[in-house]
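Here are the chains, one letter per residue:
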Amino acid sequence: MRNVMKNIVQKSPWIYRINAGSCNGCDVEMATAALIPRYDVERLGCKYCGSPKHADIVLISGPVTEVVKDKVLRVFNEIPYPKVVVAVGICPISGGVFRDSYAARNTLDSLIQVDVNVPGCPPRPQAIIDGIAKALEIWKTML
Amino acid sequence: MSGIMGYFYNLVVFPGGLFALAVGMFFAGIDRKIYARMQRRVGPPIYQPIIDLIKLMHKETLIPRTSNQKAFRLAPLAGFAGMLVLVTCIPVPGVFQGIGQLDNLLLILYILAIPAIALMVGASSSGSPFGAVGVSREMVMTIAYEVPLIIVILTIGIKAGNASGVLADFSLKSIISLQKETGSILSDITMVPAFIAFLCCIPGTLGAVPFDIPEAETEIAEGPILEYSGISLGLFKLTGWLKMFAVSALATVLFYPVPYGSHWLLSVFLFILKCLFTILISVTLVRATMARMRIDQAYKFYLRIPTGLALLSLVLTIFHVHV
Amino acid sequence: MSSFLKIILQNLIKGPSTEKYPFGDTFEPAGLRGKLRFNAEACIACGTCEHVCAGGAIRITEAEDCSGLNMVIWHNSCCYCGLCQFFCPTKAIRHTIDYHTAHKQEDKFNYAERGFIKTVPCSRCGKQIVPAAQELLEQAGNSSDEIKDLLSMCEKCRQKETVIRGALRNV
Numbered sequence: 001m002r003n004v005m006k007n008i009v010q011k012s013p014w015i016y017r018i019n020a021g022s023c024n025g026c027d028v029e030m031a032t033a034a035l036i037p038r039y040d041v042e043r044l045g046c047k048y049c050g051s052p053k054h055a056d057i058v059l060i061s062g063p064v065t066e067v068v069k070d071k072v073l074r075v076f077n078e079i080p081y082p083k084v085v086v087a088v089g090i091c092p093i094s095g096g097v098f099r100d101s102y103a104a105r106n107t108l109d110s111l112i113q114v115d116v117n118v119p120g121c122p123p124r125p126q127a128i129i130d131g132i133a134k135a136l137e138i139w140k141t142m143l
Numbered sequence: 001m002s003g004i005m006g007y008f009y010n011l012v013v014f015p016g017g018l019f020a021l022a023v024g025m026f027f028a029g030i031d032r033k034i035y036a037r038m039q040r041r042v043g044p045p046i047y048q049p050i051i052d053l054i055k056l057m058h059k060e061t062l063i064p065r066t067s068n069q070k071a072f073r074l075a076p077l078a079g080f081a082g083m084l085v086l087v088t089c090i091p092v093p094g095v096f097q098g099i100g101q102l103d104n105l106l107l108i109l110y111i112l113a114i115p116a117i118a119l120m121v122g123a124s125s126s127g128s129p130f131g132a133v134g135v136s137r138e139m140v141m142t143i144a145y146e147v148p149l150i151i152v153i154l155t156i157g158i159k160a161g162n163a164s165g166v167l168a169d170f171s172l173k174s175i176i177s178l179q180k181e182t183g184s185i186l187s188d189i190t191m192v193p194a195f196i197a198f199l200c201c202i203p204g205t206l207g208a209v210p211f212d213i214p215e216a217e218t219e220i221a222e223g224p225i226l227e228y229s230g231i232s233l234g235l236f237k238l239t240g241w242l243k244m245f246a247v248s249a250l251a252t253v254l255f256y257p258v259p260y261g262s263h264w265l266l267s268v269f270l271f272i273l274k275c276l277f278t279i280l281i282s283v284t285l286v287r288a289t290m291a292r293m294r295i296d297q298a299y300k301f302y303l304r305i306p307t308g309l310a311l312l313s314l315v316l317t318i319f320h321v322h323v
Numbered sequence: 001m002s003s004f005l006k007i008i009l010q011n012l013i014k015g016p017s018t019e020k021y022p023f024g025d026t027f028e029p030a031g032l033r034g035k036l037r038f039n040a041e042a043c044i045a046c047g048t049c050e051h052v053c054a055g056g057a058i059r060i061t062e063a064e065d066c067s068g069l070n071m072v073i074w075h076n077s078c079c080y081c082g083l084c085q086f087f088c089p090t091k092a093i094r095h096t097i098d099y100h101t102a103h104k105q106e107d108k109f110n111y112a113e114r115g116f117i118k119t120v121p122c123s124r125c126g127k128q129i130v131p132a133a134q135e136l137l138e139q140a141g142n143s144s145d146e147i148k149d150l151l152s153m154c155e156k157c158r159q160k161e162t163v164i165r166g167a168l169r170n171v
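Protein sequence lines, in the order shown, are assigned to chains H, X and F. 1 is the number of the first residue of the first sequence in the working numbering; add one for each residue after it. 1 is the number of the first residue of the second sequence in the working numbering; add one for each residue after it. 1 is the number of the first residue of the third sequence in the working numbering; add one for each residue after it.
Source of the hints: derived by calculation from the structure; they are not laboratory data. Quantities reported herein were computed from a predicted structural model and do not represent experimental measurements. Note that beta-carbon positions come from the ideal geometry of N, C-alpha and C, so glycine has one too. Errors might be hidden in some of the hints.
Which residues of chain F face chain H? A few of them, derived with a C-beta cut under 10 Å, are [to be verified]:
id : residue
1  : Asn11
2  : Glu19
3  : Pro22
4  : Phe86
5  : Tyr111
6  : Glu113
7  : Gln134
Work out the full structure, taking the sequences as your base and the hints as a guide.
So this is what it looks like as structure tokens:
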């Protein structure tokens, strides 16, 4: 019964995007993955939601700059459990081209628990869909 | 079945409760599917609303520290309860007559405002500035779409009253029986503007795209339901789905309850088909073709076009009846 | 709105144009810059790629036992700009069209392309040197035995040898 429930529930992941100082490249690809008919993540039951309190999967892009760090943490803490974090692009994962900058001192995984990484600058929409599929597997174990 | 048990059955199973919920979820699923097809996407499966609901039950429910706890917790419940009463009142032509004293259009109009008011109460008790913006917009929207709705209902009341010899008859039972005798109200050309005005009001009532200004997720992060999560959000979604059924059923009952089948199963099937047609015309098609309006544009739109059309119908009807 | 209605009708008739991607096939354009592939045989360890790398993803370090050089390309820092591929003289470092980069957090630091460039001792003095790759010789165009002999030496021995040979030729 519990397994059946898990299988049902994992078909409705609502996605929330946090832009942690991103250049918008990854955000455009994320919007592409959602909106363009070719990729259409809605057929997996995904829905982009506007409020962090409705989210299940969080896509974070950008190098977590010093200015935006506290705000990212604040929004992240508003997301109810169970939640899965996907780092999109190389910036939140390793700092990417902004590594060792005075303005981006932390990688994302030094601040919060990251579950899936999707490197790329920016990653293809297919890679983001891959990342969401991997996040769903992790989400299933959390339920 | 009669008495308390009968009312209970009407509230929980048919036509309120389970039946209305199932149909409302089905409409929401169909709406999302067809919307996706209109954009050449595959879209979610039709049973997606059920999955969403089960998912929301499994989520943590957060209550903001700055909120008024009681109002915040009770608002979604109040909205849901109000909607449940409303769908119980709506008759299914050929199957269900409606509950004795409750089949009154004015009463239904009052109850239709309860979910919007509950949403306002919940949002303003959450203490979120986005919620406050959403509340003010929701208020403006409610005022805007209530005006043409009232005029349309008045027009139909006068038309029904003419048949039964009173000034205005707001009983749904007599509206249905009138159309059973003389055919659909829409066969009278003077009622077509009123019908169009009613169709214009449906997306406003449901908060669908050109009029989803209170819940604009890209602008004010879903506005009134921003702070809700878990099962409270699920209740708001449930209320929305019930509303979808209620409003389309209202359109069906008011404008084209006939023809209905001889067997109850056929009647229910035809009823659902008519409701679905209403939703597809007024919500899905409009949602796919239009972008979100600004609040002042929506307000002006409602007070010009639907109100004008409804007034035209009203004047023509009064002229037709009394002169 | 009326012009949209026409489009909507067309869309409804045409049907969805969505790819079945996570469950089916998709396409990769030919010029796609995907994950980097490294060919240790062709590498001459010039270090140009490490120098030009915008994301600092490439690192060349000496192995502990001095038997060669370790090449690590960390995909999680590569910004797919293609500079390394452009500047690599022997094209030892190439972009593939593989874009499947999503991975779980526990693989983060192992998600890299690795290579080991073997060094050989100089035929004169015995100092460890990186042998010249076949690709480099092909680019040079002239691969006579004389040059091959020179290539087996370290920098300093080669200078000496060239000077001596030149002197002998002039005499």
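Interface hint status, Glu113 (chain F) versus chain H (Cβ within 10 Å): This hint is violated: Glu113 (chain F) lies away from chain H, its Cβ roughly 12 Å from the closest one there, beyond 10 Å.
Cut-off 10 Å, beta-carbon criterion: hint that Glu19 (chain F) touches chain H: holds (6 Å)
Hinted contact Tyr111 (chain F) with chain H - closest CB pair below 10 Å: holds (7 Å)
Cut-off 10 Å, beta-carbon criterion: hint that Phe86 (chain F) touches chain H: violated (16 Å)
Agreement of hint Pro22 (chain F) with chain H interface, Cβ distance less than 10 Å: Holds. Min distance 5 Å.
Evaluation of the interface hint that places Gln134 (chain F) against chain H, nearest CB under 10 Å: Because about 32 Å separates Gln134 (chain F) from the closest Cβ in chain H, which is outside the 10 Å limit, the hint is violated.
Interface hint status, Asn11 (chain F) versus chain H (Cβ within 10 Å): holds (9 Å)
Comparing the model with each earlier hint shows violations of hints 4, 6 and 7; every other hint is respected.
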